[in-house]
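Asks: Sequence:
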Amino acid sequence: MSPTAFPAGPEHGHVTFLGAGPGDPGLLTLRAVEALSHADVLVAEHEVLDVIRTHARQGVSVVPTEAVSSPDALTGAPQLTVVDGASTPAVAPAPAQDAAHLVMEAARGGRRVVRAVAGDPGLDTDAAEEMLACAAAGVPFEVVPGVAAATGVPAYAGVPLRDAHGADVRFVDARTASDRCWTEVGASDGTVVVSTSLDSVAAAAAELVSAGRKPDTPLTVTVAGTTTRQRTWTATLGTIAQTLKQAKVLPSPDGGRPVIAVVGERSAARRDQLSWFESKPLFGWKVLVPRTKEQAASLSDQLRSYGAVPHEVPTIAVEPPRTPQQMERAVKGLVTGRYEWIAFTSVNAVKAVREKFEEYGLDARAFAGIKVAAVGEQTANALIAFGVKPDLVPSGEQSAAGLLEDWPPYDPVFDPIDRVFLPRADIATETLVAGLIELGWEVDDVTAYRTVRASPPPADTREAIKGGGFDAVLFTSSSTVRNLVGIAGKPHNVTVIACIGPATAKTAEEHGLRVDVMAPEPSVHKLAEALATFGMKRRASALEAGDPVTRPSERRPGARRRRTTT
Numbered sequence: 001m002s003p004t005a006f007p008a009g010p011e012h013g014h015v016t017f018l019g020a021g022p023g024d025p026g027l028l029t030l031r032a033v034e035a036l037s038h039a040d041v042l043v044a045e046h047e048v049l050d051v052i053r054t055h056a057r058q059g060v061s062v063v064p065t066e067a068v069s070s071p072d073a074l075t076g077a078p079q080l081t082v083v084d085g086a087s088t089p090a091v092a093p094a095p096a097q098d099a100a101h102l103v104m105e106a107a108r109g110g111r112r113v114v115r116a117v118a119g120d121p122g123l124d125t126d127a128a129e130e131m132l133a134c135a136a137a138g139v140p141f142e143v144v145p146g147v148a149a150a151t152g153v154p155a156y157a158g159v160p161l162r163d164a165h166g167a168d169v170r171f172v173d174a175r176t177a178s179d180r181c182w183t184e185v186g187a188s189d190g191t192v193v194v195s196t197s198l199d200s201v202a203a204a205a206a207e208l209v210s211a212g213r214k215p216d217t218p219l220t221v222t223v224a225g226t227t228t229r230q231r232t233w234t235a236t237l238g239t240i241a242q243t244l245k246q247a248k249v250l251p252s253p254d255g256g257r258p259v260i261a262v263v264g265e266r267s268a269a270r271r272d273q274l275s276w277f278e279s280k281p282l283f284g285w286k287v288l289v290p291r292t293k294e295q296a297a298s299l300s301d302q303l304r305s306y307g308a309v310p311h312e313v314p315t316i317a318v319e320p321p322r323t324p325q326q327m328e329r330a331v332k333g334l335v336t337g338r339y340e341w342i343a344f345t346s347v348n349a350v351k352a353v354r355e356k357f358e359e360y361g362l363d364a365r366a367f368a369g370i371k372v373a374a375v376g377e378q379t380a381n382a383l384i385a386f387g388v389k390p391d392l393v394p395s396g397e398q399s400a401a402g403l404l405e406d407w408p409p410y411d412p413v414f415d416p417i418d419r420v421f422l423p424r425a426d427i428a429t430e431t432l433v434a435g436l437i438e439l440g441w442e443v444d445d446v447t448a449y450r451t452v453r454a455s456p457p458p459a460d461t462r463e464a465i466k467g468g469g470f471d472a473v474l475f476t477s478s479s480t481v482r483n484l485v486g487i488a489g490k491p492h493n494v495t496v497i498a499c500i501g502p503a504t505a506k507t508a509e510e511h512g513l514r515v516d517v518m519a520p521e522p523s524v525h526k527l528a529e530a531l532a533t534f535g536m537k538r539r540a541s542a543l544e545a546g547d548p549v550t551r552p553s554e555r556r557p558g559a560r561r562r563r564t565t566t
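First residue of the sequence shown? That's 1 in our numbering, and the numbers climb one at a time after it.
Think of the hints as simulated: they come from the structure by calculation, not from any bench.
We treat Cβ as the ideally placed atom computed from N, Cα and C, and that holds for glycine.
A hint or two may mislead.
As the list claims (entries may be wrong) - Once the Cα atoms are required to be at most 30 angstroms apart in a straight line, the calculated DSS-like pairs of lysine-lysine come out as:
no. : residue 1 : residue 2
1   : K526      : K490
2   : K248      : K214
3   : K356      : K389
4   : K466      : K537
5   : K466      : K248
6   : K490      : K286
7   : K332      : K351
8   : K351      : K371
9   : K466      : K280
10  : K526      : K351
11  : K537      : K490
12  : K466      : K286
13  : K506      : K526
14  : K526      : K371
15  : K526      : K537
16  : K466      : K490
17  : K280      : K245
18  : K214      : K245
19  : K245      : K286
20  : K506      : K490
21  : K526      : K466
22  : K356      : K332
23  : K506      : K537
24  : K466      : K506
25  : K371      : K389
26  : K526      : K286
27  : K506      : K286
28  : K248      : K537
29  : K526      : K389
30  : K248      : K280
31  : K389      : K351
32  : K356      : K371
33  : K537      : K280
As the list claims (entries may be wrong) - Now the in silico label distances, taken between C-beta atoms and shown as ranges:
no. : residue 1 : residue 2 : range
34  : P251      : E129      : 26 to 36 angstroms
35  : L404      : L30       : 42 to 52 angstroms
36  : D426      : D391      : 23 to 33 angstroms
37  : T183      : A137      : 37 to 47 angstroms
38  : R365      : P408      : 22 to 32 angstroms
Given these sequences and hints, build the entire structure.
Replies: As structure tokens, this is what we get:
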């Protein structure tokens, strides 16, 4: 849909009240993503900004509602200064009327404003007051519903609110509930969904018991629902206080984190079978991904699908070659017919050649008549994105050795040209060059890019690496091992070490690391799968032994680990 779907008047602009859901960024609706892509200004609490920011267009102004008292929040150049919780002094959240004023000020001059709230605008917040203020001031607005916390959080906790018997479901906000409200829900035998805080959940349970509910009525309490910090306790109305005490849940100075409690005979009964989210193989694991930022993205997405929290730490920076003349001659030779083959051994090699092509005004058509080889799936995908379909990808091992196994020997009858262009890193192995020469080919071995050690990560990341703050680290090459240890130190002995292959594992062991997981084949995706399998087996072992399921980082420092290779 075009931007005209969100009309903005020249004076009043336009406001979209948008529900960002209970925490999981994947719960944003298509309509919400569309509205965010057209927004000129975002107005939201800091935690909501983390959910919606990635869908906003480049250059959008960001104004958290905590900044409402800042006189500079809406002044300055046409592109407003980006303000977030890290750069704004902490102040009390804005009252409804002040937030409404902030929203209307942001809309002046015909700007499109997205006012994002957690959950759903009509159920989880008092956004109606802001809507009424816009209506009174003649500011046009629309509402994009979101997944409400009261329904989304139980779904992620494995707690169905209704069953085949169609039980009555009632929703209560304990922070504003009246005595009459408690009396009504206490007299009902249906399911009650209570929005409250972790510090007040025991008091809410007591209110329900006083209103007539039996003390042995089951309930579940979920904090940080739909995020990888989610945690759920199962108890009864009479035992929840003791359950939280045993779990060492301490009172919070800010009044406690929001929680959703579900009360009812049927709702908690099948949680063991339906707890799909917290049962993910790497749920809540902090996984260190030491790769270049471009390479880490797809791997991080896969880890998130397993419930992990990936933390990308670049260990290698890619830079142009010190002397570009060799690369320039090779690209010109590619165009003039000097080569029969070009072999790409990494995504970075594809990127280097593509950048050189763009520098000369060339595109994928320059590969016409030239056979193209890719060392593996990721490199092949990078070529396809460039518009080039590789002629050769290893059918077996995705490595230089695997590529050589499938590479045809030079045949002067069928091959008019005997030369191969091999753009590579400055520290690449000579295995492929030697193998191609043995097959009868001439090789132009060209340095297309340099790999250098990246800058050290922030101090808190270095401390987490050395102090056991990460549950696992994925090593995708020997250089990532050497560089991570060089810039950040050696991972703690409680951290699970996962390596992409034997050579990487050997380097890790040489640095004093114990390898727990090894990919069955040299692929980053197979490595992530192997770590997920390790986590699943670890979880199953704990449950079978009757032990609580914990993350590796939750073990005592110095605790021994059994070596398990997957």
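Asks: Which hints from the list above does the structure break, by number from lowest to highest?
Replies: The structure breaks none of the hints.
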